[in-house]
Amino acid sequence: MAQTLELWIAALLTFMIFSFLYKDNPFYKFAEHLFVGVSAAYWMVIGIWSTLMPNLVARLWPSSVSGFINMPEDAQPEYHFIIPAIFGILMLTRLVERISWLSRWAMAFVIGFAAGTNFTRYLQSDFVGQIYNSMYPIIVKADGGFALGATISSIVLIVGVICALIYFFFSKEHTGAFGAASRLGIWFLMVTFGAAFGYTVMARISLLTGRIQFLGSWLASIF
Amino acid sequence: MRVQIPLIITFIVGIALIVAIFVPHDPFHRMNEEFSVYFDLIAVFAFILGGGNLLKIHGNRISRRSRDWKYSIVTVVGFLTMLIVGAFKIGGPPGLTGDVTAEGSWFKFMYDSVFVSCQATMFSLLAFFVASASYRAFRAKTKEATLLLIAAFIILIGRTPLGHYMTGWLPQQLEFLHIPNLSNWILSIPNMAGQRAIMIGIALGIISTSLKLILGIERSYLGGEGK
Amino acid sequence: MAEGKRDIVEVLKAIDRRIIFLLIALAVILPLAFHLVFSVHSSPIVEAIFDKVESLPPGSKVLISFDYGPSTVPENQPMAEAVARHVLHKDLKLYMMAVWATGPPQTEVLIRNVIQTDFQDKVYGVDWINLGYKAGNQGLINAILLDLKGMYTTDINGTGIGEFEMMRDVDNLTDMSLIICIGSGFPGVREWVQFAGDPGDIPVAGGVTAVEAPLLYPYYPRQLLGLMGGLQGAAEYEAALVSKYPQFEASSEQAIQLMGPQTVAHLVIIAFVVVGNIAFFAERRRERRRKA
Amino acid sequence: MAPPDRDCRHFSKPALLLSLVLFLSPVLLLCTGNLPEAGAQETTLTIPAIVHPELATPTNVEAFDSPSDQGGSITITWEESTDDVPGTTLVKGYVILRSESPTGDFEEISSVPPHAEEYLDTSVRNNTDYYYKVGVVGAEQTFLSQTVGPAVAKQQWFNSRKVNLLFIALILTFAIILYVFQAKAGKKLYIRRISGIEAVDEAVGRATEMGKPILFIPGIQDMDNVQTVAGLTILASVGKLTAQYETKLEVPVSRSLVMSTGRETLKQAYLSVGRPDLYSDDMVHYVTDEQFGYVAAVDGIMVREKPATCFYMGAFFAESLILAETGNSVGAIQIAGTAMPTQLPFFVAACDYTLIGEELFAASAYLSGDEKMIGSLKGQDVGKAIAMFFILVGAVLATAASLSGNEALTGASDWLRNLFTLNF
Numbered sequence: 001m002a003q004t005l006e007l008w009i010a011a012l013l014t015f016m017i018f019s020f021l022y023k024d025n026p027f028y029k030f031a032e033h034l035f036v037g038v039s040a041a042y043w044m045v046i047g048i049w050s051t052l053m054p055n056l057v058a059r060l061w062p063s064s065v066s067g068f069i070n071m072p073e074d075a076q077p078e079y080h081f082i083i084p085a086i087f088g089i090l091m092l093t094r095l096v097e098r099i100s101w102l103s104r105w106a107m108a109f110v111i112g113f114a115a116g117t118n119f120t121r122y123l124q125s126d127f128v129g130q131i132y133n134s135m136y137p138i139i140v141k142a143d144g145g146f147a148l149g150a151t152i153s154s155i156v157l158i159v160g161v162i163c164a165l166i167y168f169f170f171s172k173e174h175t176g177a178f179g180a181a182s183r184l185g186i187w188f189l190m191v192t193f194g195a196a197f198g199y200t201v202m203a204r205i206s207l208l209t210g211r212i213q214f215l216g217s218w219l220a221s222i223f
Numbered sequence: 001m002r003v004q005i006p007l008i009i010t011f012i013v014g015i016a017l018i019v020a021i022f023v024p025h026d027p028f029h030r031m032n033e034e035f036s037v038y039f040d041l042i043a044v045f046a047f048i049l050g051g052g053n054l055l056k057i058h059g060n061r062i063s064r065r066s067r068d069w070k071y072s073i074v075t076v077v078g079f080l081t082m083l084i085v086g087a088f089k090i091g092g093p094p095g096l097t098g099d100v101t102a103e104g105s106w107f108k109f110m111y112d113s114v115f116v117s118c119q120a121t122m123f124s125l126l127a128f129f130v131a132s133a134s135y136r137a138f139r140a141k142t143k144e145a146t147l148l149l150i151a152a153f154i155i156l157i158g159r160t161p162l163g164h165y166m167t168g169w170l171p172q173q174l175e176f177l178h179i180p181n182l183s184n185w186i187l188s189i190p191n192m193a194g195q196r197a198i199m200i201g202i203a204l205g206i207i208s209t210s211l212k213l214i215l216g217i218e219r220s221y222l223g224g225e226g227k
Numbered sequence: 001m002a003e004g005k006r007d008i009v010e011v012l013k014a015i016d017r018r019i020i021f022l023l024i025a026l027a028v029i030l031p032l033a034f035h036l037v038f039s040v041h042s043s044p045i046v047e048a049i050f051d052k053v054e055s056l057p058p059g060s061k062v063l064i065s066f067d068y069g070p071s072t073v074p075e076n077q078p079m080a081e082a083v084a085r086h087v088l089h090k091d092l093k094l095y096m097m098a099v100w101a102t103g104p105p106q107t108e109v110l111i112r113n114v115i116q117t118d119f120q121d122k123v124y125g126v127d128w129i130n131l132g133y134k135a136g137n138q139g140l141i142n143a144i145l146l147d148l149k150g151m152y153t154t155d156i157n158g159t160g161i162g163e164f165e166m167m168r169d170v171d172n173l174t175d176m177s178l179i180i181c182i183g184s185g186f187p188g189v190r191e192w193v194q195f196a197g198d199p200g201d202i203p204v205a206g207g208v209t210a211v212e213a214p215l216l217y218p219y220y221p222r223q224l225l226g227l228m229g230g231l232q233g234a235a236e237y238e239a240a241l242v243s244k245y246p247q248f249e250a251s252s253e254q255a256i257q258l259m260g261p262q263t264v265a266h267l268v269i270i271a272f273v274v275v276g277n278i279a280f281f282a283e284r285r286r287e288r289r290r291k292a
Numbered sequence: 001m002a003p004p005d006r007d008c009r010h011f012s013k014p015a016l017l018l019s020l021v022l023f024l025s026p027v028l029l030l031c032t033g034n035l036p037e038a039g040a041q042e043t044t045l046t047i048p049a050i051v052h053p054e055l056a057t058p059t060n061v062e063a064f065d066s067p068s069d070q071g072g073s074i075t076i077t078w079e080e081s082t083d084d085v086p087g088t089t090l091v092k093g094y095v096i097l098r099s100e101s102p103t104g105d106f107e108e109i110s111s112v113p114p115h116a117e118e119y120l121d122t123s124v125r126n127n128t129d130y131y132y133k134v135g136v137v138g139a140e141q142t143f144l145s146q147t148v149g150p151a152v153a154k155q156q157w158f159n160s161r162k163v164n165l166l167f168i169a170l171i172l173t174f175a176i177i178l179y180v181f182q183a184k185a186g187k188k189l190y191i192r193r194i195s196g197i198e199a200v201d202e203a204v205g206r207a208t209e210m211g212k213p214i215l216f217i218p219g220i221q222d223m224d225n226v227q228t229v230a231g232l233t234i235l236a237s238v239g240k241l242t243a244q245y246e247t248k249l250e251v252p253v254s255r256s257l258v259m260s261t262g263r264e265t266l267k268q269a270y271l272s273v274g275r276p277d278l279y280s281d282d283m284v285h286y287v288t289d290e291q292f293g294y295v296a297a298v299d300g301i302m303v304r305e306k307p308a309t310c311f312y313m314g315a316f317f318a319e320s321l322i323l324a325e326t327g328n329s330v331g332a333i334q335i336a337g338t339a340m341p342t343q344l345p346f347f348v349a350a351c352d353y354t355l356i357g358e359e360l361f362a363a364s365a366y367l368s369g370d371e372k373m374i375g376s377l378k379g380q381d382v383g384k385a386i387a388m389f390f391i392l393v394g395a396v397l398a399t400a401a402s403l404s405g406n407e408a409l410t411g412a413s414d415w416l417r418n419l420f421t422l423n424f
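Chains as they are written, first to last, in the numbering used here: chain A, 1 to 223; chain B, 1 to 227; chain C, 1 to 292; chain D, 1 to 424.
Errors might be hidden in some of the hints.
Claimed, not checked - Listed next, the in silico DMTMM-like pairs over lysine to aspartate or glutamate satisfying Cα-Cα at most 20 Å (straight line): (1) A/K29 / D/E305; (2) C/K149 / C/E287; (3) D/K306 / D/D352; (4) B/K70 / A/E78; (5) D/K92 / C/E10; (6) D/K154 / D/D281; (7) C/K90 / C/E54; (8) C/K134 / B/E33; (9) B/K143 / C/D16; (10) A/K23 / C/D16; (11) A/K23 / B/E33; (12) D/K188 / D/E371; (13) D/K306 / C/D16; (14) D/K154 / B/D26; (15) B/K56 / D/D281; (16) A/K141 / D/D414; (17) B/K143 / D/D414; (18) B/K141 / C/E287; (19) B/K141 / D/D352; (20) B/K56 / D/E250; (21) D/K188 / A/D24; (22) D/K92 / C/D175; (23) A/K23 / D/E305; (24) A/K172 / D/E305; (25) C/K149 / D/E54; (26) C/K149 / C/D127; (27) D/K212 / A/D24; (28) C/K291 / C/E10; (29) D/K92 / D/E79; (30) B/K141 / C/D169.
I should point out that these hints are in silico values taken from the structure, not numbers from a laboratory.
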């Protein structure tokens, strides 16, 4: 019974959302508003049970939640978790106009966290890592002579990287040879975007295939 | 105090996290992990602000009978039902001590029937939009657009049997022009060059922005001075 | 005459997106309804994986890591199943693990679909083993490169690892002849290459979603043996498998089946791109004439 | 994951000495007239009694705290048994034994295959003495080395494997700060035109003329993503324009923290141009954390309110194309900016202007009008110049090394690559 109900609700909502492709209509509005309400609450509930309870309440006061969530019997309180609790409460001062400026302290922690982690993460994997990946021989040797195809490819690659980087130069006027290189760079970027777009089309179609298959199974359940 | 203290907090937290990757000693080495948990917790507290705002907006619409106010009732009812069922683990076999997403619970039922189906269907709209965007965007209007078009077209054809048949007759010497080979080459050489340059650029943008945040040069997130 | 021509151009120019939407919907629904199947030809980047598995002597160890979740099952699951089928058929030892918490349920699906249907004679712990998921992301890969038994002291069911015959001569990842990561994000193929393949000099192959594949081409073929990208990649592997071992035709064509709608939809999109450009050029020519 | 370079170093002198001793040992035995080994081998040929040869034990065993780590690990190194010859099966592998006292019970903790010469024991506690033996495993018996130790696992204060990274981080930081200060000192800097930025004014103006609202989407990620911060900085600039033009601005967000920050930012923007009366908190409103729930709602807003302009500035995932296509269908001018490489193609295809990757951050600096922010852009350019320089030099060196086979060139090329190697 519950399964049939679930199947029907899901199928009807699927149709309601697809109807948006034709134009905005009351069915879509209904599905949209339901989805917004349910999903907002879903993430809040997940936040409570998978973050707030195990990572705050259980750490500060283990005995209080030992029945509710899985945790070791002999868990000891970890008092440094009082820090996020304070920041969290400071965040809520936004509800009180007079002291709402205190929420900036919590915001400052969040921003510091963002800046600190992103600085190192991108420095390592995207800056240093990509330079490392580019340091390969331009002329590729094969047994006996050198591989023409591979050599052309690696020349194209290195020219592409350099020119596309030149396109991103902000403080120098893009004229003359520099401008020509920058234009070549934007061409490389365009090929990149076209290629990635073309490659992705397929994955997007498969999402629809999945949905149509679901509707097919719903139809099959009726007959 | 209203501006200085936040700037100091940002500075200390940011620097500590950068130091942490060079210093494996306590207390630094655990900071990265602990601070992510701290962040998650602050975000959960903030849910109260977000959820409250959602209720306020839709509550106002209902009380003022503004446009589409009836649908706002759907949002409010959906929100409160899901919240109460989940937060108090009402309904279904596992009860208060079980997993909130346990099979058979009401929460899971609403998740499967409403959340999953809406999510998957919204996601699948992409199949349609990717088609309409291709139709509109892939036109040889300028040199740049032509390149975009050619690259996309070769890859698109290369991903279907069409590509195989179109150029399958090519002799050995011209094999590199065979469309599947050509599309592989585009992906692994020019695409790669572009991706790499984009990634290096992004890394620099993020490094520089992070630095400005840590040093307090960029502070628009703090809003105004004083008040 | 000129009148008629302009009409067509005008119509094409102002084509309603809803017509495109309708055609895409039909392009997916009709092949599904009529089980339309196209022949699939494998490309070198996929064949490289197939040939590698084909070339391994019986008894070689192959590790498959399930690094994806339910949202990418349509693309990832057929890859995992085709490869597992091939590995078991060649009498290679199959080790399964996951760096994603959502991986083990997919491993279970594979066990049901592949091992329990086609390879009932294969013995657990001798021919195949399910090690399950461990937290730690790339740190886990790094750790088992040095000491697999230290991290995996039991299999997924909690049985001590020492009890299994096929685990006796496995100490770390370098004992594997091939690692195949079926993944859809982080940690995934990239991490397997960076933390296992490169430092341990172990062949690594991957199967990923189509969205992710362009980002992984940089690693092929130097660091990545081969790559299955999206449903197409899965279908190509299935095609290679079925053409060599026709007995799997019935069981191993799920991706090939799903390729029907994809191919038709693709062709529809290609047709639209062509039509869009014809309309564009026709209009431009007319404008030029008008100016002249 | 390159092995710590101390491996290569400590082979040198002791290793040489030791191999010399080992090499000479048969000679020494000969001199003393004591030849049991040779005799025994001959007996095995004639009498079918199984006598397993004694195996040479691993030599030069060392146990030390693994360098540059967070503790909890001891590295044990040794030199393989002289009987561990490739192609033979005499040696089955090595075992590592551990004890907490030199005379106590040694417990086998792990085994490694033949030819291994290093083991990382990660099952130790910090600040505890450990003693180790390494055994060579034969067909029947295991022959143990001498006990080494004590080794103590400790947390280090500096990860020396990341010196290169620190060096690069300092150079970039220095470049950026240098130009920030130059700009602060009043030096005018040239910034090239970025079409997406120039279009902002026009797009806001268009909405004003048409009397339609502007929609601003700061991505769907939380405040822990720097792209969101950049998006909100651009929101501040857009907010100043909408305040001056008295244009309606709507900012639906998908994270509560972004809502709070967005409100602070926008309020200040309206205040700074003297129009706090036009600001209200409802301009920035929360929808849902769920990616596609958010998209469903924003799509709804688009088709119902028909904004004249849509801004997408921040981190985006699959929803990018759904938003941009819907925005396009209602005839909005669309300006996007993101540093998500996977989504750039869709914005480029579906929007009127797209800020590509780094341009998003450039736009946030440029639009702020703050010289210091603009100065940092020049610092970023220095970073790109560094990247280009090393890519070119690295590739040329690698080419020269591979073509000539010259050792000095190969060394130089490897050294340069090591500078950019990531050690975890």
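Going down the list of hints, with the structure as the test:
1. A/K29 / D/E305: holds, 14 Å
2. C/K149 / C/E287: It is violated: about 73 Å lies between the C-alpha atoms, which goes past 20 Å.
3. D/K306 / D/D352: holds, 17 Å
4. B/K70 / A/E78: Not satisfied, since the Cα-Cα distance of roughly 48 Å exceeds 20 Å.
5. D/K92 / C/E10: Status violated; Cα separation ~80 Å.
6. D/K154 / D/D281: violated, 53 Å
7. C/K90 / C/E54: holds, 7 Å
8. C/K134 / B/E33: Holds, at about 17 Å.
9. B/K143 / C/D16: Since the Cα atoms of B/K143 and C/D16 sit roughly 27 Å apart, the hinted pair is violated (cutoff 20 Å).
10. A/K23 / C/D16: holds, 12 Å
11. A/K23 / B/E33: violated, 46 Å
12. D/K188 / D/E371: holds, 8 Å
13. D/K306 / C/D16: holds, 18 Å
14. D/K154 / B/D26: Within the cut-off at roughly 11 Å; holds.
15. B/K56 / D/D281: Roughly 12 Å between the alpha carbons, so the hint for B/K56 and D/D281 holds.
16. A/K141 / D/D414: holds, 18 Å
17. B/K143 / D/D414: violated, 41 Å
18. B/K141 / C/E287: Measuring from Cα to Cα gives roughly 14 Å; hence the hint holds.
19. B/K141 / D/D352: holds, 14 Å
20. B/K56 / D/E250: holds, 16 Å
21. D/K188 / A/D24: violated, 51 Å
22. D/K92 / C/D175: Between D/K92 and C/D175 the Cα gap is close to 14 Å, so the pair holds against 20 Å.
23. A/K23 / D/E305: holds, 14 Å
24. A/K172 / D/E305: Violated, at about 42 Å.
25. C/K149 / D/E54: violated, 29 Å
26. C/K149 / C/D127: Distance ~18 Å between C/K149 and C/D127 Cα, so the pair holds.
27. D/K212 / A/D24: Within the cut-off at roughly 19 Å; holds.
28. C/K291 / C/E10: holds, 18 Å
29. D/K92 / D/E79: With a Cα-Cα distance of about 15 Å, the restraint between D/K92 and D/E79 holds, given a limit of 20 Å.
30. B/K141 / C/D169: violated, 63 Å
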